[in-house]
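> Sequences listed follow chains E and W, in order. Here the first sequence is numbered in the numbering used here, starting from 721 and rising by one per residue. Here the second sequence is numbered in the numbering used here, starting from 721 and rising by one per residue.
Calculated directly from the structure, the hints in this document are not laboratory data. Where hints are given, some of them may not hold.
Which copy is meant is left open, because identical chains are indistinguishable; a pair holds if it fits in one copy or across any two.
Computed list of lysine-lysine pairs in DSSO-like fashion (alpha-carbon distance at most 30 Å, straight line) [to be verified]:
#, residue 1, residue 2
1, K981, K740
2, K740, K959
3, K766, K1009
4, K919, K1069
5, K740, K881
6, K879, K740
7, K766, K1069
8, K1093, K766
9, K766, K928
10, K800, K1093
11, K959, K1069
12, K881, K743
13, K879, K766
14, K879, K959
15, K928, K1009
16, K800, K1069
17, K919, K766
18, K741, K1069
Below are the chains, spelled out letter by letter.
There are 2 protein chains.
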Amino acid sequence: MDRVDTPAGFRFSGMASGIKKSKKLDLGIIVSDRPADCTGVFTLNKVIAAPLIVTRPNIARGQCQAILVNSGNANACTGKQGLQTAETTLELLAEQLQIADDLVAVASTGVIGEPLPLDPFVTGIPQLVTNLSPDQATSVAEAMMTTDAFSKTAAVMEKGKQNYKILGLAKGAGMIHPNMATMLGFVLTDAQVAPELLKVVLPQAVQKSFNSITVDGDTSTNDMVLLLANGAANSALIKPDTFEAEIFSQHLERVLLDLAKMIVRDGEGATKLVQIRVVGAENEASARKAARSVATSALVKTAFFGEDANWGRIIAAVGYSGVNIDQNRIDINFDQVPVAVNGLAVGAKREAEATRVLQQDEFVVTIDLHQGKAESSYYTSDLSYEYVKINADYRT
Amino acid sequence: MDRVDTPAGFRFSGMASGIKKSKKLDLGIIVSDRPADCTGVFTLNKVIAAPLIVTRPNIARGQCQAILVNSGNANACTGKQGLQTAETTLELLAEQLQIADDLVAVASTGVIGEPLPLDPFVTGIPQLVTNLSPDQATSVAEAMMTTDAFSKTAAVMEKGKQNYKILGLAKGAGMIHPNMATMLGFVLTDAQVAPELLKVVLPQAVQKSFNSITVDGDTSTNDMVLLLANGAANSALIKPDTFEAEIFSQHLERVLLDLAKMIVRDGEGATKLVQIRVVGAENEASARKAARSVATSALVKTAFFGEDANWGRIIAAVGYSGVNIDQNRIDINFDQVPVAVNGLAVGAKREAEATRVLQQDEFVVTIDLHQGKAESSYYTSDLSYEYVKINADYRT
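Chain E extracted, bound-state conformation (with noise of 0.2 Å):
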């Protein structure tokens, strides 16, 4: 992380505290040296972890000066314990910050069932806290990985009539059923934004971001991600409805969609990042569903694994996603390669041109529903070996 990238007013920690076996970075806190403007979205499980439950209200109020984070044990199903942990946690760091309590937000990610243990809290906040830096945003962002494979943090600086920049941090790995990949995001920028502007594009980019790798509603016990802006750039406020928003929120969803993207590539046991996305489709909500289908069908995450141009798992899982279709109407390309054309095979020759598309690393699935003008992308990955191999072994 180049210091460049990092918002002014935001020093940031993260340590090895023992909550994993691993003595791998498990530990992080992000403080900003004022209180900045903030808003949340979370979880839509109706199992909701400690750290929401305590986090929830103090975002609710519209600031946040402190973000605690640990991975290793998500405290989720923990029951009062779990609660008094996360709240002491949180009073910990309030306490050593000398700010008030309210100002702090505190969320896990690990194992669900398990009680979260307070002594790692005790001796490393103190520790945390000396230790904070501008320059020290990767350290946090791997305080945070549980299965992820490598940090991610991505950032937009602005540069024009208004000076300010976002950083992003996430953490979170592709799932074949995203339903469970718990996923913590934290975005911190300099700017001065109205505090009714942050309420509208924080939704607005996790919809086109998150919510767009993952399945609306399936979301786990214990996601997250807070939007933090504390003005310290010094630039002017950001209004609702003006040229300036449309930048900041265009920025916004630049920076979690390269992070969503990360997330995908991190899928456990990935090797391909793949758009799939629908055209031609009656309205936006279709074009969601169908594409959602598509790139959650195992059977289709398969054959992209094993780099076959089974296109016709593609248009079965089109078939049962509920949305109008004309099965003789649908072309899908691999890339710009057609393999199906009114929802018939174009022969061999373009089968073997797709599947060179499929031995890339990277590519776009493009269905034409040919039903009106909408379009949706989701973002999914391959299914492979390793996913078992990850998932089996998660707690041993």
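Following the hints, position chain W against chain E.
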């Protein structure tokens, strides 16, 4: 297949016609010595294979005397040529048997999007008819196999006031996501059953069996279950709303559930058969929804493969199922061993016992929601390395 299990008046024949490159059995016929009353259940996929388009109107007329089935090619997404091929094969069999075209049903399973060759039918059908025999049901079951590791037949015999037999043949192998595993089922009885009763009992039995291993609506392009009753046992007509109808219905359910469990056990790469039983639900629909959510979770299934008593994944899958729950009231048992009580872990000793349950090749996961009195079960398998291997290499 013991002769004893074969209902009177049905004959069978199977062969290797050359559709499969492997030279395994791939073409079969089932013939009744008289037109049988019949009914069917067909795929809900909007992409529908040619044999279904051709067969459905015939079955709708309520009479069927012969079934022609091939594996190795699904004749799906094959356009007008595919429809023509399905019709021609149907006519070829009708001609050989000297029966009306509309007494014949055709079914196909295998690769999607490749033309089904006609030659194997032209040369094969006369041979099949010549070799018809009451004791060749297993040959037909074998000729239906695609990724199936074993052929599937199940039978019951009623000996009471009535004497009749029910024989079921099926193909299909369970999937992570069952959404594209073609499921074919042919159920034959020599009982005489009122046509209106047939129409009621088949969908009911399918719901409790094949639809409790596969996700309703998420079906392949070729799914089809046919029930033929030819009355050759010369027992009294079974009428609706009678004790005899109830007995028949139970027998039918038993045959279909036996076949359904075989399909799960033959899950591609599966090593375990797991019943996901949700009890204490508000209503049956909720119980079904929660059970399905758990049964189709790739993370739950990989944990079964890893023999990891990871109940956190189970409770999270219940959480995102959309069903009303209170996470603090959920109990989870592996067979008789409690692993979670009131949404909390019960401790390491119990988990060790639970791990021993998971080491079995068949067990029951009971999830008590404590919301009401309804219950429902899904049957699922574990998810192993083999699944990925089989599906990545399917067409090669």
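> Against this structure, judge whether each hint is valid.
Hint by hint, here is what the structure shows:
1. Within a single copy, K981 and K740 get their C-alpha atoms as close as 26 Å, which meets the 30 Å cut-off; across copies the closest is 40 Å, which misses it.
2. In the homo-oligomer, the alpha carbons of K740 and K959 never lie at most 30 Å apart, since the shortest distance is 43 Å inside one protomer and 66 Å across protomers.
3. When the C-alpha separation of K766 and K1009 is checked against a cutoff of 30 Å, the pair qualifies both within a copy, at 22 Å, and between copies, at 14 Å.
4. Within a single copy, K919 and K1069 get their C-alpha atoms no closer than 51 Å, and across copies no closer than 47 Å, so neither meets the 30 Å cut-off.
5. With identical chains, the CA atoms of K740 and K881 are never at most 30 Å apart, being 46 Å at best within one copy and 68 Å at best between copies.
6. In this assembly of identical chains, K879 and K740 lie within 30 Å of each other by CA distance neither inside one copy nor across copies; the values are 41 Å within and 63 Å between.
7. Taking CA atoms no more than 30 Å apart as the test, K766 paired with K1069 passes between copies only; the shortest distance there is 28 Å, against 50 Å inside one copy.
8. Taking the shortest alpha-carbon separations for K1093 and K766, only the inter-copy value of 20 Å comes in at or below 30 Å, while the best intra-copy value is 36 Å.
9. For a Cα distance limit of 30 Å, the shortest separation of K766 from K928 qualifies both inside one copy, at 23 Å, and across copies, at 27 Å.
10. Taking identical chains as interchangeable, the C-alpha atoms of K800 and K1093 lie at most 30 Å apart only when they sit on different chains, with a minimum of 27 Å there against 51 Å within one chain.
11. For the identical chains of this complex, K959 and K1069 are neighbours neither inside a copy (55 Å) nor across copies (58 Å), given an alpha-carbon limit of 30 Å.
12. With identical chains, the CA atoms of K881 and K743 are never at most 30 Å apart, being 46 Å at best within one copy and 72 Å at best between copies.
13. With identical chains, the CA atoms of K879 and K766 are never at most 30 Å apart, being 42 Å at best within one copy and 50 Å at best between copies.
14. Within a single copy, K879 and K959 get their C-alpha atoms as close as 18 Å, which meets the 30 Å cut-off; across copies the closest is 81 Å, which misses it.
15. In this assembly of identical chains, the alpha carbons of K928 and K1009 lie at most 30 Å apart whether taken from the same copy (14 Å) or from different copies (28 Å).
16. For the identical chains of this complex, K800 and K1069 are inter-copy neighbours only, at 22 Å across copies versus 63 Å inside a copy, given an alpha-carbon limit of 30 Å.
17. Taking identical chains as interchangeable, the C-alpha atoms of K919 and K766 lie at most 30 Å apart only when both belong to the same chain, with a minimum of 23 Å there against 39 Å between chains.
18. Proximity of K741 and K1069 under a CA criterion of 30 Å is satisfied inter-copy only: 21 Å between copies versus 53 Å inside one chain copy.
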